[in-house]
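Produce the entire structure from the sequences given, and follow the hints as far as they go.
Residue numbers (our numbering), protein chains in the order written: chain A, 1 to 315; chain B, 1 to 147.
Quick caveat, the hints were computed from the structure, so don't treat them as lab data. Some clues are possibly wrong.
A partial selection of chain A residues facing chain B, derived with a Cβ cut-off under 10 Å [as the list claims (entries may be wrong)]:
#1 SER30
#2 GLY84
#3 HIS85
#4 VAL159
#5 ALA165
#6 GLY168
#7 HIS173
#8 LEU264
#9 THR265
Computed footprint of chain B on chain A, listed as stretches where at least three residues anywhere in the stretch have a Cβ under 8 Å from a Cβ of chain B [what the hints assert, rightly or not]:
#10 63-75
#11 89-101
#12 108-122
Sample of chain A residues lacking proximity to chain B, with all beta carbon distances greater than 12 Å (derived) [stated by the list, open to error]:
#13 TRP11
#14 ALA15
#15 ASP39
#16 GLY56
#17 LEU57
#18 ASP81
#19 LYS161
#20 GLU166
#21 PHE169
#22 ARG190
#23 GLN225
#24 ALA233
#25 GLY246
#26 ASN279
#27 ARG285
#28 ASP297
All figures in this text were calculated on a predicted structure; none of them were measured in a lab. Even for Gly, the Cβ is constructed at its ideal location relative to N, Cα and C.
Given next are the chains, with one letter for each unit.
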Amino acid sequence: MTALTTSPRSWPTEAAFDAFINNGGMVEASDDLPKAYLDEVFPFIEFHANSELMGGLTERDWIPKAPGLRMKQIFLAKTQDEIGHAHLLYMVAADMGVKSRTEMLEQLFDGRSRFHNVFHYQAVTWADQVAIAFLVDAAAFASQRAVFAECSYGPYKRVLKRIVAEEGFHMRHGEEMLLRLAEGTPIQHRMFQEALERWWWPAVQLFGPDSDPNDLLLRWKIKSQRNETLRHAYIQKYVPLLQGYGFEIPDDNLRYDDEQQAWLTSDIDWEPLKATMRNGGPDSRRRIANAAANWTDTAWVRTALEEGVSTRAAA
Amino acid sequence: MNSVAEAVASITDPEYPDISIADLGLVENVAVDGNHATIGLIPTFSGCPALAMIADDVRVAVEALHQIDTCTVEWLKTPVWSTERVSLSARSTLNLDYTVTLRRKDGALRCPACGSDHVADQSAAGPTRCRSVAWCNSCRNVVEVMR
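Next comes the structure, spelled out in structure tokens:
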């Protein structure tokens, strides 16, 4: 990435802004952001930040339950990664001047904000957590990589570079965990099969319904790929991979189409996804309450840090 | 690739997929005795979650050499890793591609994105314990500081 400018730029018309973006222009924080762009990009980054935070809290829940020291170490590190990613993303989002970090967090904990569908379900067994690490993280990774590829908002793209590198590292952990179950005892194999039945559709739904032909996030190069393109590629990769390990995809209509040379699934029911976006998923209420309690319980830490800072400043 | 040192240097850090562990200063010793190699590495910090993965990658790459049958990788307690071990080329990649900087000797920070000195520390740890988090007040970007 080249050295950036900090002298504010502005675009007199939407056409001028479109041309700037289409020529590969990178929007910077100091620029005079067109309102329509801000209205699209800010909620997208806020959603990403919320999802990293909610995902991190899920990983955290499994630190004491993870089997063995090595798995605990992996979950400690992943928790730190996800919460850290949320931290960086909230910094970028808050700087856009729409909401403060505290406002974003309070709205999330009040159930007035949104986060990824996959964090609205309960992880029942360790195999669910493996399914999350192997399947769900892979779906999130694919969609983040597609955002990083062209991302027109500079401060977001710079943070995404590191997030994508770290998520790639998580992928390797996910594969290691899956292999243990896939090559393990019949009970372990069955546990993962059951988890797959719970997590396959939420993972596929994570990409969202087909992109609107006029999707502004595509037009302004926040997304580089349409939802259905990413979803299709994901299905083509993960169906044979899971079948290769001896697992069965929970879809009676799944078939390989010779003409299209592609795996085709049943029509996707989007109602479960819509429910999660209203915070009405199977585990939404508990997860949000849990995150809110965590925020309240740690208030003393924030107070202590703030008081420490003001004491030092006064000294 | 034919030497053991080259095989070791071909391994990249799992969190920086385009930076060699040699450039990050993790490689301390490379010793070959007949068809056995012993590699001494030092971690950026002892609790790093990537240690097993890095050691495994190194072992596999070295054992793939025709003159080597077995390879042992050890994580050494000393010397202690410091940012001074990071090569100039790795610093440049960290700066330009990752927006990650290293603190200068006088403690000051320079923004890798815009070059400004108006960079303020924000928190002691970020996504990983080998980096702290700072903010550039000039270009308003998150800057991470390798430590």
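Hey, is A:ASP81 genuinely clear of chain B, shortest beta carbon separation above 12 Å? Incorrect as stated: the minimum Cβ-Cβ distance to chain B is 5 Å, not above 12 Å.
Double-check A:HIS85 for me: the hint is only fine if its C-beta lies closer than 10 Å to a C-beta in chain B. holds (6 Å)
The output says A:ARG285 does not contact chain B. Does that hold with a beta carbon cutoff of 12 Å? Given a closest Cβ separation of 29 Å, the condition holds.
Grab the minimum C-beta distance from A:GLY84 to chain B and call the hint holds if it beats 10 Å, violated otherwise. holds (3 Å)
Closest CB-CB distance from A:ARG190 to chain B, is it above 12 Å? holds (28 Å)
Checking a non-interface call: every C-beta of chain B should be farther than 12 Å from the C-beta of A:ASP39. Is that right? holds (19 Å)
Taking 8 Å as the Cβ threshold, is the statement that the region 108-122 of chain A is covered by chain B upheld or broken by the three-residue rule? The restraint on the region 108-122 of chain A is violated, since only 0 of its residues have a Cβ under 8 Å from chain B and three are required.
Hint validation: A:SER30 versus chain B, beta carbon distance must be below 10 Å. Holds or violated? Cβ of A:SER30 sits 7 Å from chain B, so the hint holds.
Does A:THR265 meet its interface restraint, that is, does its C-beta lie within less than 10 Å of any C-beta in chain B? violated (31 Å)
Checking hints one by one. Is A:HIS173 an interface residue toward chain B, by the C-beta closer than 10 Å rule? holds (8 Å)
A cut-off of 12 Å on Cβ-Cβ distance, and A:GLY246 was said to be off the interface with chain B. Does that hold? At roughly 25 Å from the nearest Cβ of chain B, A:GLY246 sits farther out than 12 Å, so the non-interface label holds.
Report holds if the minimum CB distance from A:GLN225 to chain B is greater than 12 Å, and violated otherwise. Check passes; 21 Å lies beyond 12 Å.
Figure legend: structure checked against the earlier numbered hints; hints not met, in rising order: 8, 9, 12, 16, 18, 19, 20, 21.
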